[in-house]
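Q: What follows is each chain in one-letter form.
2 protein chains.
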Amino acid sequence: MNEQPEILAFVKAMASAERLRIVGVLARGSATQSEIAEQLHLPVRDVFNHLSFLAEVGVIHDTDGVYDLDEKAIESFARGQFEGKRPSYEAHQEEPEDVRKVLKNFLNADGSLKQIPPQGNKLLIVLNFIVDAFAFDANYTEKEVNTILRRFHIDTAALRRYLVDNGLMARESDGTRYWRVKR
Amino acid sequence: MNEQPEILAFVKAMASAERLRIVGVLARGSATQSEIAEQLHLPVRDVFNHLSFLAEVGVIHDTDGVYDLDEKAIESFARGQFEGKRPSYEAHQEEPEDVRKVLKNFLNADGSLKQIPPQGNKLLIVLNFIVDAFAFDANYTEKEVNTILRRFHIDTAALRRYLVDNGLMARESDGTRYWRVKR
DNA sequence: AATCTAATTCGATAAGTATCGAATTAGATA
DNA sequence: TATCTAATTCGATACTTATCGAATTAGATT
Numbered sequence: 740m741n742e743q744p745e746i747l748a749f750v751k752a753m754a755s756a757e758r759l760r761i762v763g764v765l766a767r768g769s770a771t772q773s774e775i776a777e778q779l780h781l782p783v784r785d786v787f788n789h790l791s792f793l794a795e796v797g798v799i800h801d802t803d804g805v806y807d808l809d810e811k812a813i814e815s816f817a818r819g820q821f822e823g824k825r826p827s828y829e830a831h832q833e834e835p836e837d838v839r840k841v842l843k844n845f846l847n848a849d850g851s852l853k854q855i856p857p858q859g860n861k862l863l864i865v866l867n868f869i870v871d872a873f874a875f876d877a878n879y880t881e882k883e884v885n886t887i888l889r890r891f892h893i894d895t896a897a898l899r900r901y902l903v904d905n906g907l908m909a910r911e912s913d914g915t916r917y918w919r920v921k922r
Numbered sequence: 740m741n742e743q744p745e746i747l748a749f750v751k752a753m754a755s756a757e758r759l760r761i762v763g764v765l766a767r768g769s770a771t772q773s774e775i776a777e778q779l780h781l782p783v784r785d786v787f788n789h790l791s792f793l794a795e796v797g798v799i800h801d802t803d804g805v806y807d808l809d810e811k812a813i814e815s816f817a818r819g820q821f822e823g824k825r826p827s828y829e830a831h832q833e834e835p836e837d838v839r840k841v842l843k844n845f846l847n848a849d850g851s852l853k854q855i856p857p858q859g860n861k862l863l864i865v866l867n868f869i870v871d872a873f874a875f876d877a878n879y880t881e882k883e884v885n886t887i888l889r890r891f892h893i894d895t896a897a898l899r900r901y902l903v904d905n906g907l908m909a910r911e912s913d914g915t916r917y918w919r920v921k922r
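Chain order of the listed sequences is Z and U. Its first residue numbered 740, the first sequence is counted upward by one per residue in this note's numbering. Its first residue numbered 740, the second sequence is counted upward by one per residue in this note's numbering.
Derived by calculation from the structure, the hints in this document are not laboratory data. Mixed in with the good hints there might be a few duds.
Put simply, identical chains are the same to the list, so a pair is met inside one copy or across any two.
DSSO-like mimics (lysine-lysine), calculated; alpha carbons at most 27 Å apart, straight line [claimed, not checked]:
1. K751 <-> K840
2. K882 <-> K751
3. K811 <-> K861
4. K843 <-> K861
5. K811 <-> K751
6. K811 <-> K840
7. K840 <-> K853
8. K811 <-> K921
9. K882 <-> K840
10. K882 <-> K811
11. K811 <-> K843
12. K843 <-> K921
13. K751 <-> K921
14. K921 <-> K861
Predicted, not measured: the structure shown is a model, and the values here were computed from it.
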């Protein structure tokens, strides 16, 4: 269902001394569950749980009971993940009660949308959040709009339509240019 | 007091959606606490707490209220940290009650020692753990011993002495060669 | 000094995780 | 099938950490 928030899951998976130590062991080469348990003086039960956790997140990989690191996952995490070209959003004037709750529920850690709320107040909150990525005194081609919206969700067409339908953005009657509507 | 366990602290610091999002903002450039709060629709109080956390761990840096990422810390974390040349320890036969507790308290995530227990049972447990890094049927020069011990703690001399004093290792009377004592 | 706002700290409650005994299940061996 | 061991699952309790209202403190402005 989700698309991006692997980073968080990944980091969380590592945020435990024991799991980090397991990763450390695997960094030296493949190992079975019981080998790891032995080496680290941990009960197999716990190693099992940790391995399951790590595997689910994709940090490690299980091949017939032999575990090893998913180098690829780790590399891609280690490399690019921190040089951010994250969505650039500006602030709202208001700071309403449950805006935060809604945003928290619908946003991934990097500011992208987990999903587009199908309708209602939640949709509005999210749209207001997104529209802040647009300047007031500029107008945009559809392509430009899509580029910006893509930082939030792949379904740029849906977002674009919602923004216009809810009066947050407007477009030329011929559909060539968009701008943000002052409120 | 501690030496190494930055990795864990580092990872833990990031293991939160909100903190990750803050890092995301800072990845685009410096920002003040209130700017971040605004951008992310978070209460300043919480942003403050998160920033304190991140700063303490060294992920970010505070210059007169302006925060930015400590690129160096992040890079060094992202780069090398996963290609492990971790201590290579073998298992004990016994699996006593509180051995684990002691090890957990004295070991960093990478298997190195936070500190050397000054004496008593804890010291013994730790020494038994360390001595597993040595084979039974080999003997080592002092240099070799130090190299191995250095994986656990810088004060290799202390470790070496403790190991000998507690009968886990022995040395030639002329002090040139060491070996692990069978028990 | 009085006042206003931003920054920081406290603390109680909620929410989430780790821990670990014990039970269950799966696989192998005889 | 009986039996033994390894693997996996349950679940209750203890620990940590997050959350958020509210109070306090610090800095700036008048």
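Q: State for each hint whether it applies.
A: A quick look at each hint next to the structure:
Taking identical chains as interchangeable, the C-alpha atoms of K751 and K840 lie at most 27 Å apart whether they share a chain (21 Å) or sit on different chains (23 Å). For the homomeric pair K882 and K751, neither the shortest alpha-carbon distance inside one copy (36 Å) nor that between copies (39 Å) is at most 27 Å. Neither within a single protomer nor between protomers do K811 and K861 lie at most 27 Å apart by alpha-carbon distance, with minima of 36 Å and 39 Å respectively. With identical chains, the CA atoms of K843 and K861 are at most 27 Å apart within one copy only, with a shortest distance of 11 Å there and 45 Å across copies.
Proximity of K811 to K751 under the C-alpha cut-off of 27 Å is found in both arrangements, the shortest distances being 18 Å within a copy and 22 Å between copies. For the homomeric pair K811 and K840, neither the shortest alpha-carbon distance inside one copy (34 Å) nor that between copies (34 Å) is at most 27 Å. For the homomeric pair K840 and K853, the shortest alpha-carbon distance inside one copy (14 Å) is at most 27 Å, but the shortest distance between copies (40 Å) is not. In this assembly of identical chains, the alpha carbons of K811 and K921 never lie at most 27 Å apart, being 46 Å within a copy and 42 Å across copies at closest.
With identical chains, the CA atoms of K882 and K840 are never at most 27 Å apart, being 31 Å at best within one copy and 59 Å at best between copies. Neither within a single protomer nor between protomers do K882 and K811 lie at most 27 Å apart by alpha-carbon distance, with minima of 33 Å and 37 Å respectively. Taking identical chains as interchangeable, the C-alpha atoms of K811 and K843 are never at most 27 Å apart, the minima being 29 Å within one chain and 30 Å between chains. Taking CA atoms no more than 27 Å apart as the test, K843 paired with K921 passes inside one copy only; the shortest distance there is 25 Å, against 58 Å between copies.
In this assembly of identical chains, the alpha carbons of K751 and K921 never lie at most 27 Å apart, being 40 Å within a copy and 42 Å across copies at closest. With identical chains, the CA atoms of K921 and K861 are at most 27 Å apart within one copy only, with a shortest distance of 21 Å there and 68 Å across copies.
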